[in-house]
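Novice: Bring the two chains, given one by one in their own frames, into a single complex with the hints.
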Amino acid sequence: MIIHHPLLGPRDSAEFVYLGAAALMDRPDPETASADDWHDYAYLRDNPAGPHRELWFHEGGDRSILIVTRDTTTHEITDVALARPAGAQI
Amino acid sequence: MQYSGFKVIKEALTGHKGWKPAWRDPDPKPHYDIVIIGGGGHGLATAHYLASVFDRHKVAVIEKGWIGGGNVGRNTTIIRSNYLLDGNEPFYEFSLKLWEGLEQDLNYNAMVSQRGIMNLIHSDAQRDAFIRRGNAMILNGADAEYLDLAQIKKEYPFLNFDDARFPIKGGLAQRRGGTVRHDAVAWGYARAADRRGVDIIQNCEVTGFRIENGNCLGVETSRGFIGAGRVGCAVAGNSSRLMAKAGMRLPIESHVLQAFVSEGLKPVLPGVITFGAGHFYVSQSDKGGLVFGGDIDGYNSYAQRGNLPVVEDVCEGGMAIMPMIGRARLLRMWGGIMDMSMDGSPIIDRTHVDGLYFNGGWCYGGFKATPASGYAFAHLLARDEPHATATAYRFDRFRTGHMIDEKGMGNQPNLH
Ligand SMILES: Cc1cc2nc3c(=O)[nH]c(=O)nc-3n(C[C@H](O)[C@H](O)[C@H](O)COP(=O)(O)OP(=O)(O)OC[C@H]3O[C@@H](n4cnc5c(N)ncnc54)[C@H](O)[C@@H]3O)c2cc1C
Chain R
210 MIIHHPLLGP
220 RDSAEFVYLG
230 AAALMDRPDP
240 ETASADDWHD
250 YAYLRDNPAG
260 PHRELWFHEG
270 GDRSILIVTR
280 DTTTHEITDV
290 ALARPAGAQI
Chain X
140 MQYSGFKVIK
150 EALTGHKGWK
160 PAWRDPDPKP
170 HYDIVIIGGG
180 GHGLATAHYL
190 ASVFDRHKVA
200 VIEKGWIGGG
210 NVGRNTTIIR
220 SNYLLDGNEP
230 FYEFSLKLWE
240 GLEQDLNYNA
250 MVSQRGIMNL
260 IHSDAQRDAF
270 IRRGNAMILN
280 GADAEYLDLA
290 QIKKEYPFLN
300 FDDARFPIKG
310 GLAQRRGGTV
320 RHDAVAWGYA
330 RAADRRGVDI
340 IQNCEVTGFR
350 IENGNCLGVE
360 TSRGFIGAGR
370 VGCAVAGNSS
380 RLMAKAGMRL
390 PIESHVLQAF
400 VSEGLKPVLP
410 GVITFGAGHF
420 YVSQSDKGGL
430 VFGGDIDGYN
440 SYAQRGNLPV
450 VEDVCEGGMA
460 IMPMIGRARL
470 LRMWGGIMDM
480 SMDGSPIIDR
490 THVDGLYFNG
500 GWCYGGFKAT
510 PASGYAFAHL
520 LARDEPHATA
530 TAYRFDRFRT
540 GHMIDEKGMG
550 NQPNLH
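From first to last, the protein sequence lines are chains R and X.
Heads up, the first sequence is in the numbering used here, so the first residue is 210 and it goes up one at a time.
Heads up, the second sequence is in the numbering used here, so the first residue is 140 and it goes up one at a time.
Just chain X, with the same shape it has in the complex (with noise of 0.2 Å):
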């Protein structure tokens, strides 16, 4: 399927009935050399790269449902590279850069929008630790710029700085972060990775894998066995019960993040802007909708729909630093399923079977890894050996002490 402002304007004009469908609907192969579990973000971007970087195009995609239809099609979008430790900035910058060449890549408008990203200060000690993170940002290639107080009250008059219990001192500022069209992301990695020939299964449900002598040979699913010299899983929230199918038990638990989404507006939010002080981040859709969200709920589900409290709070955050936004009405809120890990952390490594390997543990931050994830997995997958920003995120960490711990908050899934 190709686009073209002449197609737009034909079609207009004959009652939309010559589009196509962007991707084929292949029925499965016998075998594969790699088969990707998950078509969300992560699994349609491996089979991309796999097919773009690595020359890999016996490659099939497995999902149980539609593409897009899980957490990649649930975000609230957006991105950013403001880690501070070393086992992650590099990773994530890697994949900001990713996100500024994907359009050009794909040849797909994902409507990468590098409006910025602005984190709020509201302490003395809380200055301190973003300039650090600022350092490290910078330090590993990122952009990072700390804002006084004139700087923010000029670039966004509108928020609260003078409230009683959070008073606002500054910001850290990453300007090349900002949002993008997260439908798009999955439906640009399916076309391009269709084109190369891949093959996308949909409504496909991956049930077991059949392991003989410590190998693993293919995936039963819904529709038979399909062999596989390779099996890659990338399945979010549904990470823990797919690979107990191979016998693992994960440092993961799932749980549930809600997004809000207000009615329309003008244009009055520059950037995506983040509460320092409580869990509320926000920025404006280009329809103009307010998209927000806070914390996770706190346990453990696979429900996909979240509980009041949670609400109260995400809005309570955001009435604490924006009071405008009690004017605007909730359109919109949905839940999707996140794989806490037990540091916040990623992991793309190998199991302890062979030709099985995982991809998993994004927590409620996977989004803006998408194209690095993918990237990495489809190295890890092509060469067996991890992508070089991708050396930390290994399963022995946690049994080695490695931890990639950004928050400091230990084993406890529910506060990362």
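Okay, chain R solo, but in the shape it has when bound (with noise of 0.2 Å):
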């Protein structure tokens, strides 16, 4: 699979290391989150068959995680962002 770096052009996805749904980002609160929402945030997915929103970690090359959007039916890639905008501060 090729994976098109916004910033770095086409990379084989070998570079990378794959962590799962781009739901994982929207980590609950913890100031209210309960114990059920810790549980379902980190063991449930969703799991589509079809196209699917999930983070690449670019190890081997600027370090910076991806948003891709991929088709697990076809592993067609349909879109590919910087899951924190270039620049932006944290």
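Take the hints with a grain of salt, since some may be wrong.
The list that follows gives simulated cross-link-like pairs (lysine to aspartate or glutamate, EDC-like), each with its CA atoms no further than 20 Å apart [stated by the list, open to error]: (1) X:168 / X:344; (2) X:405 / X:434; (3) X:384 / R:255; (4) X:384 / R:249; (5) X:308 / X:322; (6) X:308 / X:263.
Quick caveat, the hints were computed from the structure, so don't treat them as lab data.
Specialist: See the structure below:
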């Protein structure tokens, strides 16, 4: 699979580490979340057959995390974006 | 369909026109006591044990394609019971015992071959960990044997003992482990269940559940509604898709695992061998092909085919321990969809819907579990109580902190 990195162009997926569904970026608010919220966040997944927004960490490259939209039935990648916009402050 | 030496000779001389189907092809009835979704190894084994052990005969297995076309017909056929944790080891040892009596039970040649499995050890720390695992196995009534370097050199002289990075230091052997002819497992269970009255309904996809007042009344299928007292789901890689129709989100991701077969060779491997420093396992089929595999590709997939980086990784693992493998040509490769759970262990449990039961999360080790999984699921479906060896395989273990995480990897399904 080739992932079209927004800054570095086409890169082999073997340079990346897969981190799972992009929904994992929406972490529950520790101030208000219940134990059930944490259980659902940590352990349950949508796991769709079809388009899937997911996180790929460019470990063998610029170490950015990308949000890749990929069809899990064909492996076709339709969209790639930086998880955090370039230059954004943490 | 009965087989005998006489029949084989007669058919050979008369053009093989007298063979009959090994099981019926019935139309679905309007209602069954128990409907099992998924005609893989686990669904068919469940049906067999429901009929033969738990005396339930109004049972149907509903399969969207043909039986045995899923993972049961795609795996590398290794059976073993070499687990560490209490939640797992008694269950897998129960499974290995069922394998040992399977052919007599089914009256079918499933080519159960206890040729042994040997896990290689490459460091002192790994030796300690493997000996601990061996002791856990023995405590649970399984067999385990530590092999030192001299023994391994004697039994497996072709291995690469002096690899600079991963020298071989020893091995943990389970002599009762081995391989089984995977297709024959599906066919043997199907024939045995069919003979006890189970309807095996192929080319019938379950498209939804009929649930009223929290009660499952049956399944909607591509061939109409089928009523059921109880419904058991055993669809492996498709678990999340199916259970979503009952409003559930599962602690499961679907991933693709590839398998490889070389051209046929004269007998070179005495049993199953696994690499301890990378992920590579290999055996030799009775036809002579080297059957091997390694890691899952590592990303969510329902595509039943993988990508090239893993092919390279698997072959590198093979070359590291067994350089002679480089002389063989790769003949075939394929993929199957794994139901990877959040702790690497399976689930056999009730659901929040009355009458709806779930069996899944087998990751890439569910073939060896087939007999025990079927037995335990039949027990749960017939008696509404978990089987003694499967009490830990609950949905709520992630909520209560009772994960069964053999590798200690946490909720990263692609690392299990
Ligand atoms: C390449 C590979 C190598 C493996 N190697 C090993 C190994 O060496 N040892 C080991 O122990 N395990 C191994 N496994 C894992 C093992 O094969 C699986 O865990 C096990 O087969 C899963 O259970 P099953 O046989 O019931 O699944 P399957 O055979 O996949 O059965 C599930 C069935 O459900 C059907 N289905 C799905 N959705 C629906 C629906 N909506 N309606 C009706 N039917 C439906 C499917 O068509 C399928 O036939 C391997 C797997 C793969 C892919």
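Novice: For the pair supplied as a hint, residue 308 (chain X) and residue 322 (chain X), confirm whether the alpha-carbon distance does not exceed 20 Å.
Specialist: Answer violated: residue 308 (chain X) to residue 322 (chain X) is near 36 Å, above 20 Å.
Novice: Within a Cα-Cα threshold of 20 Å, do residue 308 (chain X) and residue 263 (chain X) meet the stated pairing?
Specialist: 8 Å, holds
Novice: Between residue 384 (chain X) and residue 249 (chain R), does the CA-CA distance stay at or below 20 Å?
Specialist: At roughly 18 Å apart (the allowed maximum being 20 Å), residue 249 (chain R) and residue 384 (chain X) satisfy the hint.
Novice: Would you check the hint for residue 168 (chain X) and residue 344 (chain X), treating anything up to 20 Å between C-alpha atoms as holding?
Specialist: 15 Å, holds
Novice: Please work out if residue 384 (chain X) and residue 255 (chain R) have their alpha carbons no farther apart than 20 Å.
Specialist: 12 Å, holds
Novice: Would the hint linking residue 405 (chain X) and residue 434 (chain X) be met if the CA-CA limit is 20 Å?
Specialist: 27 Å, violated
Of the numbered hints stated above, those contradicted by the structure are hints 2, 5, listed in ascending order.
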